[in-house]
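Chemist: Given next are the chains, with one letter for each unit.
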Amino acid sequence: MILRADALARQVDYHGQTLTILHQASLSVAAGESVAIVGASGSGKSTLLAILAGLDPASSGEVWLDGQALSALDEDGRALLRRDRVGFVFQNFQLMPQFTALENVMLPLELAGRSDARAAASAMLQRVGLGHRLDHYPRHLSGGEQQRVALARAFVVRPTLLFADEPTGNLDPATGRQVIELLFQLNAEAGTALVLVTHDTALASRCAAVYRLNDGRLQREAT
Amino acid sequence: MSRLSLQMGWRLLRRELRAGELTVLLLALLVAVTAMSSVAFFSDRIEQALTRQASQLLAADLVSNGNRPPPEAWRQQAAQHGLQQAETATFPSMVFAREQAVLATLKAVTAGYPLRGEVQLRTQQGLKEGRLAPAPGELWADTRLLQKLGLRLGDSVRLGNVSLCLSAELLREPDGAMDLYNFIPRALFNHADLAATGLVQDGSRVRYRLMVAGDAASVAGYRQWLAPQLDRRTRLEDVEEARPEVKSALERARRFLGLTALLSVLLSAAAVALAVRRYLARHWQSVAVMRALGQTGGEVALVWGSLFLWLALVAGVLGTVAGYGVQAGLLRLAQQWLGAGLPAPVLAAWLSGPLSALILLAGFALPPLLALRRIPAVAVLRADMPTSSRSLLAPLLAIVALLGLAAWQVGDSTLALWLLGGLVGFLLAVGLLAWGVVRLLRRVPLSGAVGWRHGAANLARRPWLAVIQIAALSVSLMALLTLTVVRDDLIGAWQKSLPADAPDSFLINLQAPQQATLDTLFAKVGRNAPQAAPMMRARLLMINERAVKGSNYVDERAQRLAEHEFNLSWRAAPPPGNGFAAGKWWPADSTQPAFSVEQGLAETLGIRMGDVLAFDIAGKRWQAPVTSLRKVAWDSFQPNFFVIAPQGWMGGESASYITSYRAPDRDFNNRLVAALPNVTVIDISVIVREVKAVIGRLALAVETMFSLALAAGVLVLWAALAATRDERQFDVALLRALGASRQQVRAVILAELAWLGGLTGLLAGIGAMAIGSLVAVQLFNLPLAPNLWLPLLGALCGGAVVGLAGWPLLRKITRTPPTDILRNG
Numbered sequence: 057m058i059l060r061a062d063a064l065a066r067q068v069d070y071h072g073q074t075l076t077i078l079h080q081a082s083l084s085v086a087a088g089e090s091v092a093i094v095g096a097s098g099s100g101k102s103t104l105l106a107i108l109a110g111l112d113p114a115s116s117g118e119v120w121l122d123g124q125a126l127s128a129l130d131e132d133g134r135a136l137l138r139r140d141r142v143g144f145v146f147q148n149f150q151l152m153p154q155f156t157a158l159e160n161v162m163l164p165l166e167l168a169g170r171s172d173a174r175a176a177a178s179a180m181l182q183r184v185g186l187g188h189r190l191d192h193y194p195r196h197l198s199g200g201e202q203q204r205v206a207l208a209r210a211f212v213v214r215p216t217l218l219f220a221d222e223p224t225g226n227l228d229p230a231t232g233r234q235v236i237e238l239l240f241q242l243n244a245e246a247g248t249a250l251v252l253v254t255h256d257t258a259l260a261s262r263c264a265a266v267y268r269l270n271d272g273r274l275q276r277e278a279t
Numbered sequence: 079m080s081r082l083s084l085q086m087g088w089r090l091l092r093r094e095l096r097a098g099e100l101t102v103l104l105l106a107l108l109v110a111v112t113a114m115s116s117v118a119f120f121s122d123r124i125e126q127a128l129t130r131q132a133s134q135l136l137a138a139d140l141v142s143n144g145n146r147p148p149p150e151a152w153r154q155q156a157a158q159h160g161l162q163q164a165e166t167a168t169f170p171s172m173v174f175a176r177e178q179a180v181l182a183t184l185k186a187v188t189a190g191y192p193l194r195g196e197v198q199l200r201t202q203q204g205l206k207e208g209r210l211a212p213a214p215g216e217l218w219a220d221t222r223l224l225q226k227l228g229l230r231l232g233d234s235v236r237l238g239n240v241s242l243c244l245s246a247e248l249l250r251e252p253d254g255a256m257d258l259y260n261f262i263p264r265a266l267f268n269h270a271d272l273a274a275t276g277l278v279q280d281g282s283r284v285r286y287r288l289m290v291a292g293d294a295a296s297v298a299g300y301r302q303w304l305a306p307q308l309d310r311r312t313r314l315e316d317v318e319e320a321r322p323e324v325k326s327a328l329e330r331a332r333r334f335l336g337l338t339a340l341l342s343v344l345l346s347a348a349a350v351a352l353a354v355r356r357y358l359a360r361h362w363q364s365v366a367v368m369r370a371l372g373q374t375g376g377e378v379a380l381v382w383g384s385l386f387l388w389l390a391l392v393a394g395v396l397g398t399v400a401g402y403g404v405q406a407g408l409l410r411l412a413q414q415w416l417g418a419g420l421p422a423p424v425l426a427a428w429l430s431g432p433l434s435a436l437i438l439l440a441g442f443a444l445p446p447l448l449a450l451r452r453i454p455a456v457a458v459l460r461a462d463m464p465t466s467s468r469s470l471l472a473p474l475l476a477i478v479a480l481l482g483l484a485a486w487q488v489g490d491s492t493l494a495l496w497l498l499g500g501l502v503g504f505l506l507a508v509g510l511l512a513w514g515v516v517r518l519l520r521r522v523p524l525s526g527a528v529g530w531r532h533g534a535a536n537l538a539r540r541p542w543l544a545v546i547q548i549a550a551l552s553v554s555l556m557a558l559l560t561l562t563v564v565r566d567d568l569i570g571a572w573q574k575s576l577p578a579d580a581p582d583s584f585l586i587n588l589q590a591p592q593q594a595t596l597d598t599l600f601a602k603v604g605r606n607a608p609q610a611a612p613m614m615r616a617r618l619l620m621i622n623e624r625a626v627k628g629s630n631y632v633d634e635r636a637q638r639l640a641e642h643e644f645n646l647s648w649r650a651a652p653p654p655g656n657g658f659a660a661g662k663w664w665p666a667d668s669t670q671p672a673f674s675v676e677q678g679l680a681e682t683l684g685i686r687m688g689d690v691l692a693f694d695i696a697g698k699r700w701q702a703p704v705t706s707l708r709k710v711a712w713d714s715f716q717p718n719f720f721v722i723a724p725q726g727w728m729g730g731e732s733a734s735y736i737t738s739y740r741a742p743d744r745d746f747n748n749r750l751v752a753a754l755p756n757v758t759v760i761d762i763s764v765i766v767r768e769v770k771a772v773i774g775r776l777a778l779a780v781e782t783m784f785s786l787a788l789a790a791g792v793l794v795l796w797a798a799l800a801a802t803r804d805e806r807q808f809d810v811a812l813l814r815a816l817g818a819s820r821q822q823v824r825a826v827i828l829a830e831l832a833w834l835g836g837l838t839g840l841l842a843g844i845g846a847m848a849i850g851s852l853v854a855v856q857l858f859n860l861p862l863a864p865n866l867w868l869p870l871l872g873a874l875c876g877g878a879v880v881g882l883a884g885w886p887l888l889r890k891i892t893r894t895p896p897t898d899i900l901r902n903g
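For the record, the sequence lines run as chains S and E.
Count the first sequence with our numbering and you get residues 57 to 279, in order.
Count the second sequence with our numbering and you get residues 79 to 903, in order.
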């Protein structure tokens, strides 16, 4: 198992009242497997993703990422784990506007101290079809191109696990389809496990397993 | 403005101040107000002191000031006009006591002195104040002289050939207290003792003043009679033109301080503009809500208008108090020249601070505030701030506000325009340079640590903000570097440029027969005596039969040279160390009329080879053609002369002699003056020390003002950092999500500050280096030797200032949790 979550719960205090956002959520993802998490807005998808990726701690329960219990790690420990094993694709692309496409893709490699960052990032951008736009800034790229840069950034470190948060949410349907094709291709090539958060059931059905989040409760759907 | 909106504005102000939303804005206003009011207080009090003390500064109502004793007829006329009279004779000379000699400015005064103002003394009976003059046989010395000679009241002091009793310490003399260059000790004695001292001889540098006082009509009548009698060596001084040198020096100081204050205000204005933008960007939603709740656009503008009005008042009051403190510090530095007990500042000076806060806010906050009126209620439903059409009103109002401030500060609108234009131009030049460097930075391939590239990219991402920050900080940093490092460098370079055996003493007022005594004194220590050169006071009357007048010249130096006397000498052989730019030296035995003129003087006054010059020397006319132009090394510490005539032609005239030498031992000058009591020895090292002390105090005053400008620069930095806070939080969240450690995040932020500070300091250092080299070459005539450490030192200083000021603001951002990346739209 590359990712295992067991009885995750998340509560927040709001004006003295305790609100439960996530109830006893459990799931597991095998190496190379793809898993979709679907749910309506406000169902707690982002909270679950944040906990699974170690961005946010759970109130109770445990997450094992590549065999490491996240609760045993401090913030920097979790950051290190993300750096080496995890890739992200966000709905809003989240590229650094002050960096060129190439520099954005180089960033995770540089954080890992890789000396071949430039060459590796350049090759990855070639792979996503942006070899001619290496020195362009995000503001000069279309939405689809920006998301392809984001895909290159996610895959360039050869992650064992990729989290994608509504990756087509800000794209028109045609561009969205192209990006998703690319995502699944890269995923297959790299043998990366995928956790895809979406409210698009058609997209979700392309994954091996689908979990539905309803009012903070996670249930696996029959496939 | 309605009561309600005033109340709401006040409530809003208190809440926002507590929440820290207005901190940068308030601080920026405070710095501007402090700078403006301190200069306003300073110049107001000095001006008042000058006006009130004008007649006291003169110690009379009308003074004739010349280099010859006033004719008896002038005294008789004054008596006929029913005027009170007194006379003074002022000259430099050595004062002896306890086997030591010190150079002092001596003033012989007649009974009745001072006619206006009061003398303040400390006698053995205690403090005394009034119209007092020393009795014959007595001497009053100022504190500096007492300290230098280790004197006590009652001691005997020798002036030339007479011994006088030190009967009082001179604490204040009306016409001697305000000379900026007055670092030579002073003493007063009775005019009746003057002749007996034997100090006044041909060619001595003595100023004779005949002072009169009385009712205005009599003074005017006397003036009318006297004016046509004056020759060109005598001038009239009255209350209007009292102490012009002090006035112009203080006026210059005032303008300079005004300029630095203006710099602070300009930088504060940038901080205010940035802070107001940020504030309104964070608060437009509240405005939309108020509009949705039924407030009119005008009412909304009134509430926020009154908030800013209150803010201006708070900053105005606090800044004025701070400004008063700064001014008190400035005046302490200038106390030696101004004396204690300055009049309190007038009301206008108190108002200048709050008013400048109001003008600043009106110029920089009003335009965006007025735009608030146009925010529609429906904006409540939107996520983005509605963009208002950019109007010309904002920059126009801002410029008008600044111009108003500048004109008021300098008290002269044309000059203010020039100053403001110069300042803005300078800031623009620095900004342009910064812009280029920032762009260049982005192109430099930086490999290795992620922090450095990220930091550089962050700067380049908002180039205009980076440029504003760099320009704002580097200007004040450059000024401070120039005032501290470059000043010391220059003094050091100048001292180094002197040969080790350069003369350290000048001897003046020597008489021709005394050369033998000089020879004996030097022979006793086994050295050859220097050959003294004759020196006469000469006035240039004509060039080629055309009268020389100051008004013929535009150049200030030329005017002065044309109006005043300068030193002329005669020689047989050419002066050692002089070169010739044109013509050649006369034969040693020449008796032909001829003049050899210093090249610089010739250029200034427009004298060419072959021109016929006419001089007035002690009332006698000397006319000759120019036969050579000489190049003179003025910093050789040898007696040098503008004009020299052949010995065989002029040699018979009476003159005093001058020479310079290196004192063989420490006591030599005392022995020399004891043997030749009429001569004056000027110890250069003492004067250099005094000049350094004076420059140090002046520099400290200017540094104080530039520190305020630096504070304003730091506020611009803060305002810019605050304005980019949200973007930075996004960056940090993303970096954290991508697996950056805390240390890496810190490195990225610190790298940006380091780039910013480094660039700022580098520009400042290079600027200071350039100024230093320019000053060295242009003013001091020293070889160009730029201090190559300055850019490095500047970069370090810049890094330290930006790091220390910026890090506390950004440290919190490094703790942004990575999960924010998922919430951030």
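Hint data in this document are derived by calculation from the structure and do not stem from the laboratory.
Glycine is no exception: its CB is placed at the ideal position from the N, C-alpha and C atoms.
There may be inaccurate statements among the hints.
Counterexamples of contact, computed for chain E against chain S with all Cβ distances above 10 Å [unchecked claim]: (1) Leu-95; (2) Ala-298; (3) Leu-429; (4) Asp-582; (5) Ala-590; (6) Arg-638; (7) Ser-714; (8) Ala-815; (9) Ala-818; (10) Ser-819; (11) Pro-895; (12) Leu-900.
Where chain E lies over chain S, by a calculated footprint (3+ residues, C-beta under 8 Å) [unchecked claim]: (13) 161-172; (14) 263-275.
Chemist: Each hint needs a verdict: does it hold in this structure or not?
Modeler: Consistency of the hints with the structure:
{"no.": "1", "hint": "Leu-95", "result": "holds, 26 Å"}
{"no.": "2", "hint": "Ala-298", "result": "holds, 76 Å"}
{"no.": "3", "hint": "Leu-429", "result": "holds, 46 Å"}
{"no.": "4", "hint": "Asp-582", "result": "holds, 62 Å"}
{"no.": "5", "hint": "Ala-590", "result": "holds, 82 Å"}
{"no.": "6", "hint": "Arg-638", "result": "holds, 59 Å"}
{"no.": "7", "hint": "Ser-714", "result": "holds, 60 Å"}
{"no.": "8", "hint": "Ala-815", "result": "violated, 6 Å"}
{"no.": "9", "hint": "Ala-818", "result": "violated, 5 Å"}
{"no.": "10", "hint": "Ser-819", "result": "violated, 5 Å"}
{"no.": "11", "hint": "Pro-895", "result": "violated, 7 Å"}
{"no.": "12", "hint": "Leu-900", "result": "violated, 5 Å"}
{"no.": "13", "hint": "161-172", "result": "holds (count 5)"}
{"no.": "14", "hint": "263-275", "result": "violated (count 0)"}
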